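Guided by the hints, dock chain F onto chain U, whose structure is given.
Chains U and F, in that order, give the protein sequences. Residue 548, in the working numbering, is where the first sequence stops; the numbers in between run on with no holes. Residue 493, in the working numbering, is where the second sequence stops; the numbers in between run on with no holes.
Since the hints were derived computationally from the structure, they do not count as laboratory data. All figures in this text were calculated on a predicted structure; none of them were measured in a lab.
From the structure, some residues in chain F lie toward chain U, with a derived Cβ separation under 10 angstroms: (1) GLY213; (2) GLY320; (3) GLU361; (4) TYR413; (5) ILE423; (6) ASP425; (7) VAL428.
Even for Gly, the Cβ is constructed at its ideal location relative to N, Cα and C.
What follows is the residue order along each chain.
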Amino acid sequence: MNSPSTRSSRPAPVSLGPPDPTLPLLEVDGLATHFLTERGMVKAVDGVTFSLRPGQTLGVVGESGSGKTILARSIMGLLPPRNVTRTGTVRFAGHDLTAMSERELAHVRGREIAMIFQDPMTSLNPVLRVGRQITESVRHHLGMSAKAARAWGTELLDMVGIPAPGLRMDDYPHELSGGMRQRVTIAIALACEPKLIIADEPTTALDVTVQAQILDLLQELQASQGMALILVTHDLGVVAGRTDDIAVMYAGKIVEHAPTPALFAQMRHPYTEALLRSIPKLDDASHTRLETIPGRPPDLVAPPPGCRFAPRCMLVQDRCRTELPELTAGGGSGHRYRCFYPVGTEIGEAARARNEAGATPAAASASTASAPRSSMASRVSTASESDGSRGH
Amino acid sequence: MAGSGTAPLRDPDVALLRVEHLTVEFPAGRGRRVHAVSDVSFDVYPGETLGLVGESGCGKSTTGRAIMQISRPTGGSVKLAGREIVGTTGEALRQIRPEMQMIFQDPISSLNPRRRVGDIVAQPLEIWHRGDAEARTAKVRELLGAVGLDPDTAMGRRPHQFSGGQCQRISIARALALEPTLLICDEPVSALDVSVQAQILNLLEDMKARYGLTMIFIAHDLAVVKNVSDRVAVMYLGKLCEIAPPDELYRNPAHPYTRALLSAIPIPDPTVRPRRREGVAGEIPSPLAPPSGCRFRTRCPRTTSRCETEEPAMTAAGDGHFVACHHPVVEPAPVAG
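In isolation and in its complexed conformation, chain U is listed as follows:
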C-alpha cells in the first residue's frame, strides 16, 4: 500500500501544524458526561482522564453501558443539544475542545479528528455517490478543486483496498457489500489526513474474515500515516494484538489502564480478569465450563457508593462497598488501576482467599468454574435476577 505522501494529489498541510511528538496529542482530564432523564441523572461517563501521544493506539474496552461510546462522542463533542452536561476538559494539540464554539469545532471534526462508526450503512448517505461523500471534506476543509479532490478520492479508495476505485467512486453505498462500505467510511475518515481517528466498534457489524481485513487495514494505515487511533470495542480479542495501550471501562469509569502487554501479563482489576475469563477460548477443550460474572452492571442513576464493581467482585471487602478507589499507578510502566485489593498482589489474593473461604456470600457464588454443574447456574442467575429488575 502506497503512502499518499509520495503522491501528487495529497491535501495541503492542516492548520494546527505538525504535532510535537514529545507532547500529548490528546489530553482528556476529568471528563464527565451526564444525561438528565426522567429517572434522574445518568452518569454515563464519570471522571475519565487519559492522554494520547501522536501516533499512539489506545483500545477502549467495555461492555454495553460502560460508557465507551459516550466517551468517544464526548471527545468529539457529538452530544445531543439538551439535557446533557459535559464537564472536564479535552485538549487536542494544545487547544481546549470543550471551550470551542460549534463553528470552531467544525474545523476540527473531519479535518483533525475523524470518526468511524459501527454501522457503515447508516453512517453513509444512501442517496449520494461514494465519490461525493469522500471528497466532501477535502473540498470543504482544504478547498481542493473538484478535479484534484476526485483524484485524491480515487487514491484513497485504492489505499483502503477497494478494487477498480475509479469505477467505485460513482457507486451508491447500497451497491457495495458491508466490508466495502466500511472501507469507504475509513477512506472518508482518512481524507483530510487527520491526526486522530476514533473508531467506535468499526468491525462489530462485519464477519470475522472481513473483520480481520479491516483491522489489518486500520493498523497499516495508522502506522504509515502516523495517526493516533482510539479503538472502542467490547472485544478484548480485537484490541489485544493491535494497540499500544488499553483502557478498560466499567460503569462510566476507567477501572484499569495499561500498556497492552502489561495489561494481559498482569491484570490487576478484578473486572478485567473476570471479563477475560468469561470469553470462550479456542485452546480450551469443548464443554469447558465458562466462568461468569454474577449480577449485572449498576444502574448509572444511582451507582453503588463505593467501588462500582464491588457488588459483583470476587475479591470484595468491606472497604470496597463504602469507599471509591482512585485510579492509581502501580507496577511501573504506566499501569494504573482503580482497586484496593488488586488481582495478583498479596493483599488482593488474601482477599480472594478470605472470600473463597466463605466469608462473603456474594463472592462465594461467583466462582463457577469448579462448582458442580446443576446447582451453580441457578444460584448465579438468581442472584442476577434479584438485583436485575429494572425500575419503572
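Just chain F now, with coordinates in the frame of chain U:
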C-alpha cells in the same frame, strides 16, 4: 468446498436427526434463485450437540429453519427419529412440531412485550392441553427455576422488565416447556455481552444434561461453537465444507476455509500476535450465482483448474473428520488457538 455427498452420515437407526441432500432455494425474481442451502447432509445422534458455523449468508440459519420446516426445503430429506418431515403439512406437521423447538438471536423481540412471563412460558402447554391449570403453573415454575429465574417475581412481570440475558433465559424456558427432543439454537448469544454470554452457554449445557436434549447450535463465533459442541460443521455459501469433532477440527483443520476462519479470530492475548495469517481475500460471492465447482475457489489460496470444473465431495480425513476439498491441508494448524 462445494461439499456434497453423504460420507459423514452415520447409522440411520441411531441418529435422532438425519438430514440428506437438503436444498433450500428462494425465488429472487426475473427467473433467478437464491441458492441458500445446496445439497447438505449431516446427522445428529441423541444427546449430541452439532455446531453449525459460518459467516453471514452461508446458509446456517436457513438450514436450522428448514429442519423446523419454517422455510420449506426445495429438496432433500429431513428425518426426525426415522420419520420423514419434508413434505408433511397441516395436522401431521403440527404433531411433530412439539418435538423440535427453536430459540433465536434477539431474545427481546422473540417475546411478546404485552404478555406476562408466566403466560409466555405457559402458552405452549395451553395450546397442547398439557395438564390442568394447576399442573401447568407448577411446570412453569419449575422451568423458570431451572433457567435461573425466581418464579415468584418473574411470572408476573413483562419482558421489558428483564435484561437481554434474562429474556434469553425466558426464551429457553418456553422452548423447553413441551419437553422437546431437539433444540435448535440460532445465534443464541450473539446479541449478549461476553459476561452474559458465558452465563447462557453454561445454562444451555445444564439444560442439555437435565432434560436430555439434542441440540443444533448455530453461530458465527468459532470459540463459542467449540465450547458447546460435540461435532462441528463448517458451512460456506450454502455448502458444508468440513465436519469433525471440535478438538480435531480446531487442531487439524483440513479445509482452507476452516483455516482462514480460525486464523481470523481475534485472540485476547497479545503474545500470540505474530501469527501466520492464512487469511482470505475478498468477500463471499452472491448466492444468486454461486461459483461453479467448489464454491470457495474464488477466494481460496490453493485453488486449481480442477476446483473450477469438479465439485469436491465429502471424504474422510480422519476419525469422524470429513472434508470437501480437492486439496486439503494436511499439516496441523499453524498456532495453537
